[in-house]
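**Q** Based on the sequences and whatever the hints tell you, model everything.
There are 4 protein chains.
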Amino acid sequence: MTDASKDSFYRQGFMKTLGAKLVSIEKGLVKLECDFHKKLTQQHGYFHAGVLTSLADVACGYAAHSMMPAGSEVLSVEFKTNFIRPAKAAKIIATGEVIKSGKTLTFCEAKVTDETEEVIFATMQATMICLKK
Amino acid sequence: MTDASKDSFYRQGFMKTLGAKLVSIEKGLVKLECDFHKKLTQQHGYFHAGVLTSLADVACGYAAHSMMPAGSEVLSVEFKTNFIRPAKAAKIIATGEVIKSGKTLTFCEAKVTDETEEVIFATMQATMICLKK
Amino acid sequence: MTDASKDSFYRQGFMKTLGAKLVSIEKGLVKLECDFHKKLTQQHGYFHAGVLTSLADVACGYAAHSMMPAGSEVLSVEFKTNFIRPAKAAKIIATGEVIKSGKTLTFCEAKVTDETEEVIFATMQATMICLKK
Amino acid sequence: MTDASKDSFYRQGFMKTLGAKLVSIEKGLVKLECDFHKKLTQQHGYFHAGVLTSLADVACGYAAHSMMPAGSEVLSVEFKTNFIRPAKAAKIIATGEVIKSGKTLTFCEAKVTDETEEVIFATMQATMICLKK
Chain A
36 MTDASKDSFY
46 RQGFMKTLGA
56 KLVSIEKGLV
66 KLECDFHKKL
76 TQQHGYFHAG
86 VLTSLADVAC
96 GYAAHSMMPA
106 GSEVLSVEFK
116 TNFIRPAKAA
126 KIIATGEVIK
136 SGKTLTFCEA
146 KVTDETEEVI
156 FATMQATMIC
166 LKK
Chain B
36 MTDASKDSFY
46 RQGFMKTLGA
56 KLVSIEKGLV
66 KLECDFHKKL
76 TQQHGYFHAG
86 VLTSLADVAC
96 GYAAHSMMPA
106 GSEVLSVEFK
116 TNFIRPAKAA
126 KIIATGEVIK
136 SGKTLTFCEA
146 KVTDETEEVI
156 FATMQATMIC
166 LKK
Chain C
36 MTDASKDSFY
46 RQGFMKTLGA
56 KLVSIEKGLV
66 KLECDFHKKL
76 TQQHGYFHAG
86 VLTSLADVAC
96 GYAAHSMMPA
106 GSEVLSVEFK
116 TNFIRPAKAA
126 KIIATGEVIK
136 SGKTLTFCEA
146 KVTDETEEVI
156 FATMQATMIC
166 LKK
Chain D
36 MTDASKDSFY
46 RQGFMKTLGA
56 KLVSIEKGLV
66 KLECDFHKKL
76 TQQHGYFHAG
86 VLTSLADVAC
96 GYAAHSMMPA
106 GSEVLSVEFK
116 TNFIRPAKAA
126 KIIATGEVIK
136 SGKTLTFCEA
146 KVTDETEEVI
156 FATMQATMIC
166 LKK
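Protein chains in written order, with the working numbering: chain A, 36 to 168; chain B, 36 to 168; chain C, 36 to 168; chain D, 36 to 168.
Simulated from the structure, these hints should not be mistaken for lab results. Worth double-checking, as some hints may not be accurate.
Same chains, same label: a pair holds when it works inside one copy or across any pair of copies.
Only pairs whose alpha carbons sit at most 27 Å apart, straight line, appear in this in silico DSS-like list of lysine-lysine [claimed, not checked]: (1) 74 to 167; (2) 146 to 56; (3) 138 to 123; (4) 167 to 135; (5) 167 to 123; (6) 41 to 74; (7) 123 to 135; (8) 138 to 74; (9) 66 to 126; (10) 51 to 123; (11) 138 to 73; (12) 62 to 73; (13) 167 to 73; (14) 51 to 146; (15) 135 to 51; (16) 41 to 62; (17) 74 to 51; (18) 138 to 51; (19) 126 to 73; (20) 138 to 167.
**A** Written as structure tokens, this is what we have:
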């Protein structure tokens, strides 16, 4: 399952574009990181809200995927992101966690922080759906 | 105001990374487009949810900005995206619209569609905040 | 289908508590109304955000239900409400509409307005799930 | 501040309608409870999604209010609720917590659980705004 999640992660062209890296995948808990780069900025030179959201989405998606039966695929149904403060950091870390895993839907939460994981830039609530092959 | 919005848009390194282009800025209504590229994909080869969301966020942000006093800056407070169907398209179009513009907060909605603007891939509800210089 | 939706509506004890009435159910479009009463207020004497949300949720739920196969039940997966302005009105109207109806999930939008349906107090994006008997 | 929050809570006609009670108000953390009653049900006889949401909203609102300067008023800007499982319980408890308190906006999270506070029925992310008198 973990390997399937890793394979799927590295098939996402967009993760390469962001320079995102998988830090860890446990059952129901996924951590990603991404270094600051000018190509990821909004108009004030900080990490773009879209980058924070993309990482949080993927962390939630693979957290959900890690608890699904072998051969399942995961898709985002919806998510909401709140932006707590400007994301000024050399690196951001996105942690996605499964709150409730169901047969069809999985509900996850994520936070995006600085390297210390103590300064929160954004939080997400997300619904993921399991597609059986 | 329109020029300030354009300038601000092109200062976003992330928009260049996505290959996003401003199609139009009117008062309270902004349209962006983005061509399909492998660097923007999720694991099945479609546009990534994070790309759809980033474009919708920026369309909302500049729609809000276009109605703010000169010299204002705009930041995303929060947004929610619902994903209606897989985003298989040669090009996507994000349209952001101001629903209610206040002194501090502006409430916007966006949709992301295919080229015909008839097939909806995602919708967003967003709150933007006006920062005075 | 319409009758099943009506029956289900009137089985909701909470709708009676609010004094909510079904105005119309068409396929994918449901309208409710609710008169102002002190029992529905927040601390400034206007309609409570929870009342606006409850009506919008139910309008979305039955809009979704009206497009499901006979014998289906509907449950709310999640919703988000934005509050546009204080809800000072003698009566509020909640209109829920199906944006995309799928086998399992249905995506809806709703607005809550005054009697003229022109002054918007709140908007909702909601995901509903179909439970088969 | 705590007393001002209590006064404001008991001015909400809708809280009396629900039979909601303030359990505790600390700085940035508010707990409410509400006993089951048929007048609060959806079509299957459980607590209505609108009731869960209303309690979560109010718990967030007063958590935010408890950190605002004396004489401030609080209004809900927006919130999102995810429904984790049907709310079958003799009593529900809503706990709202401030995640980030700013001069204008306060970001809160809430959960609604059963009496043990271990079975989660719903979670909320909410943005509150401070209105100065």
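**Q** If a hint holds in the structure, say so; if it doesn't, say that too.
**A** Structure-based check of each hint:
{"no.": "1", "hint": "74 to 167", "result": "between (36 Å within a copy, 26 Å between copies)"}
{"no.": "2", "hint": "146 to 56", "result": "within (16 Å within a copy, 29 Å between copies)"}
{"no.": "3", "hint": "138 to 123", "result": "between (38 Å within a copy, 20 Å between copies)"}
{"no.": "4", "hint": "167 to 135", "result": "both (19 Å within a copy, 21 Å between copies)"}
{"no.": "5", "hint": "167 to 123", "result": "between (40 Å within a copy, 20 Å between copies)"}
{"no.": "6", "hint": "41 to 74", "result": "both (25 Å within a copy, 18 Å between copies)"}
{"no.": "7", "hint": "123 to 135", "result": "between (32 Å within a copy, 17 Å between copies)"}
{"no.": "8", "hint": "138 to 74", "result": "neither (39 Å within a copy, 31 Å between copies)"}
{"no.": "9", "hint": "66 to 126", "result": "within (13 Å within a copy, 31 Å between copies)"}
{"no.": "10", "hint": "51 to 123", "result": "both (21 Å within a copy, 20 Å between copies)"}
{"no.": "11", "hint": "138 to 73", "result": "neither (41 Å within a copy, 30 Å between copies)"}
{"no.": "12", "hint": "62 to 73", "result": "neither (33 Å within a copy, 29 Å between copies)"}
{"no.": "13", "hint": "167 to 73", "result": "between (39 Å within a copy, 24 Å between copies)"}
{"no.": "14", "hint": "51 to 146", "result": "both (21 Å within a copy, 26 Å between copies)"}
{"no.": "15", "hint": "135 to 51", "result": "neither (29 Å within a copy, 32 Å between copies)"}
{"no.": "16", "hint": "41 to 62", "result": "within (13 Å within a copy, 43 Å between copies)"}
{"no.": "17", "hint": "74 to 51", "result": "both (13 Å within a copy, 7 Å between copies)"}
{"no.": "18", "hint": "138 to 51", "result": "neither (30 Å within a copy, 34 Å between copies)"}
{"no.": "19", "hint": "126 to 73", "result": "both (12 Å within a copy, 25 Å between copies)"}
{"no.": "20", "hint": "138 to 167", "result": "both (10 Å within a copy, 14 Å between copies)"}
Checked against the numbered hints given earlier, the structure breaks hints 8, 11, 12, 15, 18 and satisfies all the rest.
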